[in-house]
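J.: Chains as they are written, first to last, in the numbering used here: chain F, 1 to 324; chain Y, 1 to 245; chain W, 1 to 285.
Quick caveat, the hints were computed from the structure, so don't treat them as lab data.
The structure presented is a predicted model; accordingly, all values stated were derived computationally and were not measured.
Yeah, the Cβ is synthetic: ideal placement off N, Cα and C, and Gly gets one too.
Possibly wrong hints are sitting among the right ones.
[Said to hold, decoys possible] Only part of the chain Y face toward chain F is listed, based on derived beta-carbon distances under 10 Å:
id, residue
1, G13
2, D14
3, F15
4, K68
5, A75
6, R76
7, P86
8, G91
9, F103
10, R118
11, L122
12, G124
13, T152
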Amino acid sequence: MNKIPALSPTVLLAVALLIYPLIFSGAFYLDVGVTFLLAAISASAWNIVGGYAGQVSVGHAMFFGLGAYAPLLCYKLYGWTPMAGIPFGIAASVALAILIGIPTFRLTGHYFSMATIAVAELIRIYFGTWDLVGAAIGLQGPATARGWWDLTFRSELPYYYIFLTVLAVLLSFTYLMERHRFGYYLRAIKVGERAARSLGVPVQQTKIRALVLSAMFTSVAGSLYSVKTGFIDPESGFGILVSVQMVIIAALGGAGRLYGPLIGALILIPLQTATNTWFGGGGTGLTFIVYGGIIVLIARYEPGGIYDLWEQISPRRWRRKHAS
Amino acid sequence: MLLEAHAVSKSFGDFFAVRDANLSVGEGEIVGLIGPNGAGKSTFFNCLAGDAVPTSGKIIFDGQDMTKAPPEAHARLGIGRTFQVPATFEGMSVIDNVMVGAFLRHPHQGDARDHASRIIELTGLKAQMDLAAHSLGTPGRKRLEIARVLATNPRLMLLDESLAGLTPTELQEAIRLVRKIHEMGITIVIVEHIMEVIMTLAGRVLAFNQGHVIASGRPEDVVKDEAVIEAYLGRGSHRVRRRSA
Amino acid sequence: MLLLQVIVGGLLLGAIYALFSSGLTLIWGMMNFINFAHGEFVMLGMYVSLLVVMYLGGGPAAFGFGAAFALFVLGVVVYLSLIRYVLRGPMLAQILSTFGLALLLRYTAFWIFSANFVSLPQTSLSGTINVGGILMPIPQLVAGVIAILLTIGLHLMLTCTTIGSQLLAVSEDRGAAMLMGIKPDRMQALAWGLSAGAAGIAGALMAIAYPWSPSVGETFGLTAFVVVALGGFGSVPGALFAGLIVGLIQALSAFWFGPIYKDIVVYALFVALLWLRPQGLMGKA
Ligand SMILES: Nc1ncnc2c1ncn2[C@@H]1O[C@H](COP(=O)(O)OP(=O)(O)OP(=O)(O)O)[C@@H](O)[C@H]1O
Ligand SMILES: [Mg+2]
């Protein structure tokens, strides 16, 4: 019965995102739109393990980077369409997720966080020395498209709609997950691991599944990024900024909420674009300072992000929502 | 016997919280565990529920060795437990809390919700069904814990002071609830400081002191036992008197 | 001979790792909390040393004390204004609080000091001495030896003094400590001061012997994770022992495989440890 009120913002949002490129067709606005979508995809992918399961990864760039390198590596080695590399990126990310998840999820959440940042850093440094992947210089995609299947377009418009499709798939998946046993288990684990186990929740297995799913989608986000830009290097694939972006966008909007990452990206990406335009390249250092500050403030005052803040301001909405 | 604990000990460093405890519970019994604060009752419960691995000894449930099995395996086999300090899933609604338990036997969301609704009705939480768990008071949360465990369809329930801190009316209600659960065919082991509860519910009582089982038998005999009176007078007599008043 | 020199160099650097890692392990042992900004504390200790030398003058004793004091104060302030509010909060808040702080400190340092490497102007500590054929730069030698002594000192302080036993009491049982008249909040603030102070003075020692830039904080932070994991979370003697080993492993991998591999090998060791011995080499199984 509450399907209609729950759906209408979704419909509005979908329509807005669909027609955005038609209204803001300039290259600049289109670029902002594509950046926004990619950020929303990455942060939503992070959200599965970091938000819903409450296992805070601060090194998700490792999955993004693997996903980003795979298509261009396939192109470099075999001349395949970059698209062909996407499954390899996913496979590598899943393997890595399991490698990290199994030992750390037996311990408290701090171990997982420490392991993610250490492994991301390890891979970044290693890729910087590895000739096969172009070492510090990185890899490039096809300069000109040999066909549509190279996904190398002059206009940003096709990317916009490809990214939008992926975002829609990811959010639908998350929506279904929330309503599935798996989603209930994740929320239970997040607030009370011990109690969850006493009720028969297979905690370890559930956490690993969440990490694997999250890694898969993050890897796809990385692939989309490198296919679109036609270029990847260790910093843009595995750099700390990549991880920080996912964390801050999800946490700012609302970690563990379906639309949290979307809200976060809606705020942060325009802000970031604006500061970059005003301050030029020198703005990046400042961006980090501001990001650090925002992250500290979220942790200290509102770990639930804007979503929670909003719920506190409008308690009546909240009660109705939870009466579903 | 449904549950058998043989010479179970649990130590933290050199300190034995439980030492050589024996317990056997038959199908359909209600067994009470009493003893002053720090006697080792909760630690013993943790061993029975798989939340702590005993330092030595053996725990058999329905013929299976559960001594080293993890808590989720206990739940699957039908051992449910509540926590002395309620560990409800804060931020989730009451029905969602119960559903987490219900999912154990009902993997599909719709079935789990139906089952959880039935349990909620049974436990008298219907009015609070959609409230967030943290908005309930301690008595409500203890009741929610019982509901959540009940939703896993246990054969044995371990209740750790689930009836503590209730007003006299609430207490009568809670006692009725435990009876109802018992009538459903669920075996119960209950830790309680309130003698009234133990006397009315339990068919058999074990008294703990300083990790040891110091007496066992019919409740009316155990409360008259010299060693039990001594233990309570020595350590927690004021508490017993106040609680049972 | 060269190998021997590499080994000694690694151990001396490892001694400084031991010192700042013991600060990290102290916090972990007391409140089950991991400080992602710990490496940045070391980095700040280095810049404080530089500022003291540049603007106030004085020798190693002056800037060593200055760095320790400044970071002690910072540690207490960070605890009182941030950590205390997230300590019992959700995991997200716990992790993000110091992770955000790390970014804030690191990039503020980049902004103020630029990304260029700097080093202290030559102090009275310079030159090398020849110990049985091994050429030892005096700054490294002094820094390493002092670091070991300070780590041992910290351990003795925690185990043999009243303050130490009060800290221990809080870490074992807050409630019981309160009943004994100890104020847990104050003790935890003190622990943060000590932890950051150890990082600060380790930074000062590091600054005597090695050049640095703001990015070293990240590397030191991760190195400290490895040391703490190896030595067993919460153990200062473990950190001392593990710090020396990590320094040694780093030096040897740089020597055998090339400098770029020194961090790779150490981070890989961390992952291996999580699989094989999450309780650390010295921890109980
Ligand atoms: N994890 C632990 N580490 C060290 N000591 C513990 C631990 N858990 C319990 N103890 C100690 O074991 C003893 C028994 O505790 P337990 O909680 O089992 O007592 P209890 O009988 O349930 O008491 P109460 O009536 O207060 O609930 C106590 O002295 C307690 O301090
Ligand atoms: Mg108890």
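J.: Okay, which hints does this one fail, numbers in order?
T.: 1, 2, 3, 4, 10, 11, 12
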